[in-house]
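Residue numbers (this note's numbering), protein chains in the order written: chain A, 1 to 501; chain B, 1 to 174.
No lab work stands behind these hints: they were computed from the structure.
It is possible that some hints are incorrect.
[Said to hold, decoys possible] For each label pair, taking beta carbons as the anchor points, the in silico distance ranges come out as:
#1 A:345 with B:18: 33 to 41 Å
#2 A:456 with B:72: 37 to 45 Å
#3 A:92 with B:128: 43 to 51 Å
Where is the CB? At the ideal position from N, CA and C, for every residue including glycine.
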Amino acid sequence: MTDGADWHRTSPFGALFYLGKVYQAIARNAVQSLAPLAAFLVAFKGDPMNRLLIGVGAFVIATVVLAFLNYWFFRYRLAENSILIRQGVLKKRQLDIKFERVQAVNTQQNLVYRLLGLVTVSFDTAGSSGQEGYLPAVRLQLARDLRDRIRRVPKEAIVEQRQVPPAAAVKPLIRLTFGDIIRIGLSSSRVFLLLVLIGPIGERVSQEFGDRIEESAVIEALGEVQVGLMAGTAFALVLIFGVLLLLLCISIIGAFLRYHRYELVADEDILRSTGGLLTRHEHSVNRTKVQSLHATQNVMLRVFGRFRVKARQASSGRGGRRSDFVVPLCTREKLADISDEIFGTEFSGLTLDPQSLAFVHVSPYFLRSRIVLAGILPALAALIALWPTAGAAALLVLLWIPLCALGVWRVYRRYGVMYGENGLALRSGFTGYRVVTWLHRKVQRISLTQSPFQRRKHLATVRVYLAAGPAVKIPFLDYDTAAKLRDYVLYRVESSRQAWH
Amino acid sequence: MFENAEIALDELPGTDRLEWRALDSRYVRRLQIEALITTAVIAFALLVLQFAPLPFQIRWPFVAAWVLAIAFGLSLLIWPLISVPGKGYAIRDKDIVYRSGVLWQSVTAVPFNRVQHVETSSTPLDRRFGEAALQLFTAGGSGGDLKIHGMPSDVAEKLREFILEKAGADIEHD
């Protein structure tokens, strides 16, 4: 093949993409990259306003030029089974992305690109050494072609040629309504985390505010300190309520930005989601590459009777989160649709629904072990440590034991294992529910661990290592069950000739 | 031809009654020498802090520091005597099983057809004892890939080739 002939540049608007990247890089190493600017500002003599103007102007020009150079030196070529990318201004980089290694083709479309019919394509290549492939600002059609080609690569091995149904005929699996998106915003766990952090600050502010009012002459004249206190409390309540409302609004707006007109479509062996208000995100996942499926339900989602589903693909440790395929909200009925779509008939006998009666509790010795380890031992240690100073008041720490026991009881009730012929489901949780399921044949390795206590009671903890995410721990199984499970999983893995990824 | 025979759970090959192969017989000695080196380094550092003419004065309970250092050194010396006999591995046709742990005893099984790559490595001390560590990498970032220290280096090398041959075989890419 002759060089150069088939090499393409992307649309000049690709420079926009690099401009974003440049600013991202600058933000990440703020100190180093802004040092020259600061040095210039200090060294340059003259009117401070002029200085600032010239400095900012130079900064903008430099970044724009850099972005343009990045665009100029970016070329790609489509080969038979791979896409070749040449990039880099000073440090040249050659990337050869083999289609067979691509897990999914994702696209992003911001407002400008949407007007121009351009998209930025990113390739998920699991297991590679963190090399990411991007095609900034290419025509939408090219992205579609690429996706079709990438899907066809493994397909060629199969003789059977199926007719691809036209896109319009594909019925969406899930379509989020206006109300659904508000539910997503309301159930975002980030809101509540922030609230926990902000609570004490609000309290502090109200105290100081109350103090101020108490000091003020008006109150002194009235001689009513009570008013000050009440005003402080009211202020705190208003503040906390206001902050909560603001957070919820931000969260709902965020949900709209990300999931406006969200659609989940099952297209042969690919699940694809599109959505977003300004930037439209398109994510897809090849169902054969999914390693585990997670359904979670936090307190708010429980109120709404909805679930959040996440499909994990094989990842190379870092940045694994990014390749998760997320369905932000679905009903109980849709849980089964999603799991069937991803794991197919192999999923029979399993479910993502935490309310299922097929979940079996782990050994009740779990309670004893956890109450001793997390409750009694720390409480006794604290008692001994506090006794010399606090005296009998130190006995109060013993209250921790019943509290802890209640918590452990709750965790125990939520732990559940569901044994399927081809896979396993594990339920856990404390305030909400979490269900993770996987297929036995995708297991990478498995281990059994016994503590001294577990040895005495003939119990074991099983750890299952999948190609995605941390190991899944199934605590306190009966030893014989655990050993049988391990032997069965090993049998399924070792006799499976199907690719796990 | 595709077959799907019913599987009797009790007849599956178990991993309970395996013939465990112990680690290299000199592995305990090697760990102890490593412990001595570590202790010597700590002792030297303590000596320097205590007696060298430093520009600043350190007011430390040196007696306690020495007691701690010696206790630490002793435990490092004794620990291999307890932990190493419990370690062992078993090679089967389709997987490798490794057991370890004193209080928390664990048995890990890695099927060969899930191994991504195999590595042997040896420190200078390892080489002096003719030992090597064998490490098996499986997919996924869940850390702690199986690493077996203290194998005779020729065994480790042989195993590496054996496992590499089996790794990833038998998989049809659909």
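Out of the numbered hints, which ones does the structure contradict?
2
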